[in-house]
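Q: The listed protein sequences correspond, in order, to chains W and D. The opening position of the first sequence corresponds to residue 1 in this note's numbering, with each subsequent residue numbered one higher. The opening position of the second sequence corresponds to residue 135 in this note's numbering, with each subsequent residue numbered one higher.
Certain hints may be false.
As the list claims (entries may be wrong) - Pairwise CB distance ranges (calculated):
| id | chain 1 | residue 1 | chain 2 | residue 2 | range |
| --- | --- | --- | --- | --- | --- |
| 1 | D | Pro169 | W | Gly33 | 23 to 31 Å |
| 2 | D | Lys155 | W | Leu129 | 27 to 35 Å |
| 3 | W | Asp120 | D | Thr422 | 52 to 60 Å |
| 4 | W | Glu109 | D | Arg414 | 29 to 37 Å |
| 5 | D | Gly231 | W | Glu97 | 40 to 48 Å |
| 6 | W | Gly53 | D | Ala275 | 54 to 62 Å |
| 7 | W | Arg83 | D | Ala431 | 35 to 43 Å |
| 8 | D | Thr422 | W | Ala31 | 39 to 47 Å |
| 9 | D | Ala277 | W | Ala31 | 39 to 47 Å |
| 10 | W | Glu44 | D | Ile273 | 40 to 48 Å |
Hints were generated in silico from the structure; no laboratory data involved. Source: prediction; values computed, not measured. From the three backbone atoms N, C-alpha and C, an ideal C-beta is built for every residue, glycine too.
Spelled out from the first residue to the last, the chains are:
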Amino acid sequence: MVAGGSEALSRAAVSNIRGSERVLCRLQDLADGQARGFMPVNREDRLFAVRRGDVVHVYLNSCPHNWRPLDFAQDRFLSADGREIVCYAHGAHFSIERGLCTAGVCQGESLIAVPVRVEDGMILIPLELPATPE
Amino acid sequence: MKILGPESLVFGVDDLDACCKYLTDYGLKKTDSAPSGATFEALDGTCAVLRKAADAGLPPAVAAAPNIREQVYGVADQATLAAIGAELAKDREVKQGSDGLLRAHDDSGYPLAFQLSQRRKFSAPKYFNVPGMPAHRPINAIAAVEAADIPICTLSHIVLFAPDIAKAEKFYSQRLGFRTVDVFTNLGPFMRPAGTLEHHTLFLIKAPRPGLQHFTFHVPDLNDMLKAGWNFVRKGYKSFWGPGRHVLGSNNFWYFNSPFGGLMEFDSDMDLHDDSWKPRFIPANQQTSQTFLFNFAEKWSPGDQKH
Chain W
1 MVAGGSEALS
11 RAAVSNIRGS
21 ERVLCRLQDL
31 ADGQARGFMP
41 VNREDRLFAV
51 RRGDVVHVYL
61 NSCPHNWRPL
71 DFAQDRFLSA
81 DGREIVCYAH
91 GAHFSIERGL
101 CTAGVCQGES
111 LIAVPVRVED
121 GMILIPLELP
131 ATPE
Chain D
135 MKILGPESLV
145 FGVDDLDACC
155 KYLTDYGLKK
165 TDSAPSGATF
175 EALDGTCAVL
185 RKAADAGLPP
195 AVAAAPNIRE
205 QVYGVADQAT
215 LAAIGAELAK
225 DREVKQGSDG
235 LLRAHDDSGY
245 PLAFQLSQRR
255 KFSAPKYFNV
265 PGMPAHRPIN
275 AIAAVEAADI
285 PICTLSHIVL
295 FAPDIAKAEK
305 FYSQRLGFRT
315 VDVFTNLGPF
325 MRPAGTLEHH
335 TLFLIKAPRP
345 GLQHFTFHVP
355 DLNDMLKAGW
365 NFVRKGYKSF
375 WGPGRHVLGS
385 NNFWYFNSPF
395 GGLMEFDSDM
405 DLHDDSWKPR
415 FIPANQQTSQ
425 TFLFNFAEKW
435 SPGDQKH
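Input sequences plus hints: build the corresponding full structure.
A: Here is the structure:
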């Protein structure tokens, strides 16, 4: 492996297709407690993943308030203490486990979850992503 | 009541370092730093104040942190300060803080403070030359300077969510002498206090719960707004909407997600109105909210080096 290979591999893995699934990255490339954006289109990541222990949650990067991305800078999807997802457009807070908005203008609404599974140390999602209402 | 406009916005934040970096990258100057927070000023001394959300010295929060914790308005004279105190004391608690500020709440629960204006005079370069008009830019001066700092001139406006929009508007118009300049009938009123002609220093948007929608400082002109936003994208910040130009207010805009609980905008060239102006009442939609809208793209030269 060349120097910096881990990062290069994990970013390259974004385009990896396995049958009807897409490999987001290796589980080890998403640190426990961290969030990370994936599938950038015009500087906006289409979805993001949050890891808690060996469990990974994936959501569309689209807040149910305005259906716009949540992050204010690359991979900044969480509160400072890492306990909640925060939309940095208008301050909505979401639970990491369920994507339910617990505070803010869209309280009671939810992020759109992307089915995810971890196999052989790889984070896998379906090729077909859920649609947003807009 | 000669209220001039917002002079200081205080935020309760949860990632102080990220917030400090953000405001520095935006172009504000850090003038005060302490373990509990920092102050970032524009050219005229108007500012954004950062405090850790748990700071016991802050007024109670109206929304989960990070969010706006206090709006400090500047007033023209002592008589206005006295008039505000007398008016608001009729039906709510008004406190005179040890810092000299008069404090109360608006009808949506947002903490307000009032101070004798501390705005400083400043000068910012004017870059635009207009055919037939005297030159704004000195002869031989260069406008397109890649590394030029964008002057962040003054705090422009704040936009807040208000659950009871009629009640929220009435408080500012009837108790504090604000004028409603225009109205987005499906959102809420654009308002200006009596001491400024700016189209709005406050825009209220109907929403189920209170919280910050956005805030912005003025930069000198369209070129500065575009360049500031361009630089901000290049620094890795995420654009929410823009660059474009609004219809109501005519201000040029570029909104970015931020760690303050709402958006932060670069803004320039807002309309001015006096009391003879008749408010427009129109619904907000794609046609009425922008005269144009562009998308950011990397620099590219057609044909590259060929003719």
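Q: Hints first: check each against the structure and report whether it holds.
A: Status of each hint after checking the structure:
Restraint check, Pro169/D to Gly33/W: a C-beta distance of roughly 25 Å satisfies the suggested window 23 to 31 Å. In this structure, Lys155/D and Leu129/W meet the distance hint of 27 to 35 Å, their C-beta atoms being roughly 32 Å apart. With their beta carbons about 53 Å apart, Asp120/W and Thr422/D fall inside the hinted range of 52 to 60 Å. A beta carbon spacing of about 32 Å between Glu109/W and Arg414/D agrees with the range 29 to 37 Å that was offered as a hint.
In this structure, Gly231/D and Glu97/W meet the distance hint of 40 to 48 Å, their C-beta atoms being roughly 42 Å apart. Checking the proposed 54 to 62 Å range against Gly53/W and Ala275/D shows it holds: the Cβ atoms sit about 60 Å from each other. The given range of 35 to 43 Å is respected by Arg83/W and Ala431/D, whose C-beta atoms sit roughly 37 Å from each other. For the hinted restraint 39 to 47 Å between Thr422/D and Ala31/W, the CB-CB distance of approximately 45 Å keeps it satisfied.
Ala277/D and Ala31/W have their C-beta atoms about 46 Å apart, which keeps the hinted 39 to 47 Å range intact. Between Glu44/W and Ile273/D the CB atoms are about 43 Å apart, so this pair conforms to the stated range of 40 to 48 Å.
In this structure, every one of the numbered hints holds.
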